[in-house]
Amino acid sequence: MIHARGLVQTFQAREGRKKTEVRAVDGVDLDVAEGEVVGFLGPNGAGKTTTLRMLTTLLRPTAGEATVAGYDVVREPEQVRRSIGYVSQAGGAFSSARAGDEVVDHGMLYGMKGAEATARGQELFSQLDLEGLWTRMPKNMSGGQRRRLDIVMGLIHEPSLVFLDEPTTGLDPQARANLWEHIADLRRRRGATVFLTTHYLDEADALSDRILIIDHGRIVAADTSDNLKAQVAGDLVDLEVSDPDLVAPAAQRLDAIAEAPRHGLPGVEIDGNHVRGRVQRAGKAVPGLLRDLHEADIALESIEVHRPTLDDVFLTLTGRSLRDAAETDPAGPAGSTSEKGS
Amino acid sequence: MRFLRESFIVFRRQLRMNLRNPAWVIIGMLQPVLYLLLFGPLLKPLITQFGATNAYTFFVPGMLVQLGMFGAFFAGFSLIGEWREGVIEAERVTPASRTALLVGRLVRDVLQLFVQALILVGLGYLMGMRGSAGGIVFGVLLTLLVGGACAAASNALALTTKSEDVMAPVINMVMMPVLLLSGILLPMTIGPKWLLNVSDWMPFRWVVDAVRTAFSGDFATSPMVWGSVWAAVLFVAAVAWGTSTFRKENA
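Sequences listed follow chains C and B, in order. Just so we're aligned: the first sequence equals residues 589 to 930 in our numbering. Just so we're aligned: the second sequence equals residues 1015 to 1265 in our numbering.
Check each hint, because a few of them may be wrong.
Only part of the chain B face toward chain C is listed, based on derived beta-carbon distances under 10 Å [what the hints assert, rightly or not]:
| hint | residue |
| --- | --- |
| 1 | Arg1030 |
| 2 | Thr1067 |
| 3 | Glu1096 |
| 4 | Gly1142 |
| 5 | Arg1144 |
| 6 | Lys1207 |
Pair by pair, the computed Cβ-Cβ distance ranges are [unchecked claim]:
| hint | chain 1 | residue 1 | chain 2 | residue 2 | range |
| --- | --- | --- | --- | --- | --- |
| 7 | C | Lys727 | B | Ile1040 | 20 to 30 Å |
| 8 | C | Asn815 | B | Asn1035 | 52 to 62 Å |
| 9 | B | Leu1132 | C | Ser684 | 26 to 36 Å |
| 10 | C | Gly658 | B | Val1212 | 56 to 66 Å |
| 11 | B | Glu1178 | C | Glu769 | 33 to 43 Å |
| 12 | B | Trp1215 | C | Arg648 | 44 to 54 Å |
| 13 | C | Gly758 | B | Ala1254 | 35 to 45 Å |
No lab work stands behind these hints, which were simulated from the structure alone. Just so we're clear, the structure is a prediction, and the values are computed from it rather than from any experiment. Beta carbons: idealized from backbone N, C-alpha and C, even for Gly.
All chains, full assembly: derive it from the sequences and hints.
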């Protein structure tokens, strides 16, 4: 459905008098198969939106090529536009216009007849729990309702591929969970291919078949959530040792089965009575560890095994946690100039 | 055909939103009426000094062009609001022609200007303006052309700056010399020679002169030719600029 090779986007950023070229997207390759739900994950300013805007023909790539729904984004932008639905971060319905009018006009710009767009719009309103809001202005809707209205606009012409840019940003947890249901429905009910960007780990985890991780304008990983977690991070094993004097030998034994050093992870970590380390396939390794500890007469108060999160994956891949990356990077590559300004 | 249909969809949407919130339309119409009622009488005793005889036949054409320019200069402000809410982006992701996205909006602006022009001419007539019918029609057409040009430029500026805070001072900076050098309020001919020479470089002065001579029914004059040429040139250039900003990837 989507094939991109070597996508590059550069911007001129100005800092005082100095002009610098910023590579917001720096050689992105990606493939999305039909019917897949793919999460595009990365911190703010990593190049997510810029990549999305190139794939949706809103931005001409500086270099590289991409075909979307079988059409070239540079040479056949009109066919691409016909085949895709795009829900941008800003939405698309004017706050002081009637929701239904906006939806119908949008459909008509795709070449639909007025009656056809109205019927389709009303059907989508009921599917997305917006009954009775046809004549309401978006400014009088809740955040979740507005977001669903944006999705209705993106679906009015029945695209087979839907791009969602940060669909749940700014929503409260309930509205978020509700929207997730609707996004999952996109494939379940209409077999649509979905490409969504997010900087929420749980969102990518919950919705996507496959996750692409982007950082500094490059794809740093592309796999299923489980594989990403299994390959890179390993499980976190947390031992609480009963006797403080035996913490060091316990750490030694955990270190023997820890995978961490090989992956550049911090090694076994000691924190009071606790010893923590990353272990690949902990379920398999832990019984042996317990036997070792038992033979060495090291008693445990508790043992906990945590499955890795996507945050751990990101940390392993980039050396920073997603949260840190978002906080420290706004002025980094593709910072405010490209993402916020576009 | 497709282009016309898309332009019409955009136009109808804009008109619907305007009618829903007519405050700006009313303010826009009130302005020329106030000028006519409150400034027109001041011109009456001075009019013979301009080499004219009827104050309103002199004044209404200037007001028309002023309306065409200044009303339209502000057309872009509503576009910034739409851009901020993602409307422009949503329209650009449809297969609709980018030119239609602009033209639909321009037609709305020109229609609004046309209604205002009718009010102005009608009121002027009631107050004593006289002129040739054909000339008045031609003068209004020139005004619509200039108004369309200003609206297109304003939309282009709006999509380029994307900020009311940047756009407002720019428009003010453009408006001041245009107002002072185009002879809208007082004819440039009563000033010193150097000021007249400077105003020769102001395209809008030629348009004002052209509309004025048209009202008097005098078509075969050099201001008429220059004014018409300038109006056409401004229109084509501004629409080209406007279209290119709608086409531009970063808009």
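Against the structure, the hints:
Contact between Arg1030 (chain B) and chain C, as hinted, is supported at the beta carbon level, the nearest pair being about 7 Å apart and thus within 10 Å. Because the beta carbon of Thr1067 (chain B) sits about 49 Å from the nearest beta carbon in chain C, more than 10 Å, this interface hint is broken. With a cut of 10 Å, the hint placing Glu1096 (chain B) at the interface with chain C holds, because the nearest CB-to-CB distance is about 6 Å. Below 10 Å, beta-carbon pairs count as interface contacts, and Gly1142 (chain B) has none with chain C, the closest being about 42 Å; its hint is therefore violated.
A cut of 10 Å between beta carbons decides the hint on Arg1144 (chain B): the least distance to chain C is about 44 Å, and the hint is violated. Against a cut-off of 10 Å between C-beta atoms, the interface hint on Lys1207 (chain B) is violated, since the closest Cβ of chain C lies about 43 Å away. At about 22 Å, the beta-carbon gap between Lys727 (chain C) and Ile1040 (chain B) stays in the expected band of 20 to 30 Å. With their beta carbons about 54 Å apart, Asn815 (chain C) and Asn1035 (chain B) fall inside the hinted range of 52 to 62 Å.
Taking 26 to 36 Å as the suggested C-beta distance range, the pair Leu1132 (chain B) and Ser684 (chain C) conforms, at roughly 28 Å. For Gly658 (chain C) and Val1212 (chain B), the hinted distance range of 56 to 66 Å is satisfied, since their beta carbons lie about 60 Å from each other. At roughly 39 Å, the beta carbons of Glu1178 (chain B) and Glu769 (chain C) sit within the given window of 33 to 43 Å. For the pair Trp1215 (chain B) and Arg648 (chain C), the beta carbons lie near 38 Å from each other, so the given range of 44 to 54 Å is not met.
Under the hint 35 to 45 Å, the C-beta atoms of Gly758 (chain C) and Ala1254 (chain B), about 39 Å apart, fit the expected range.
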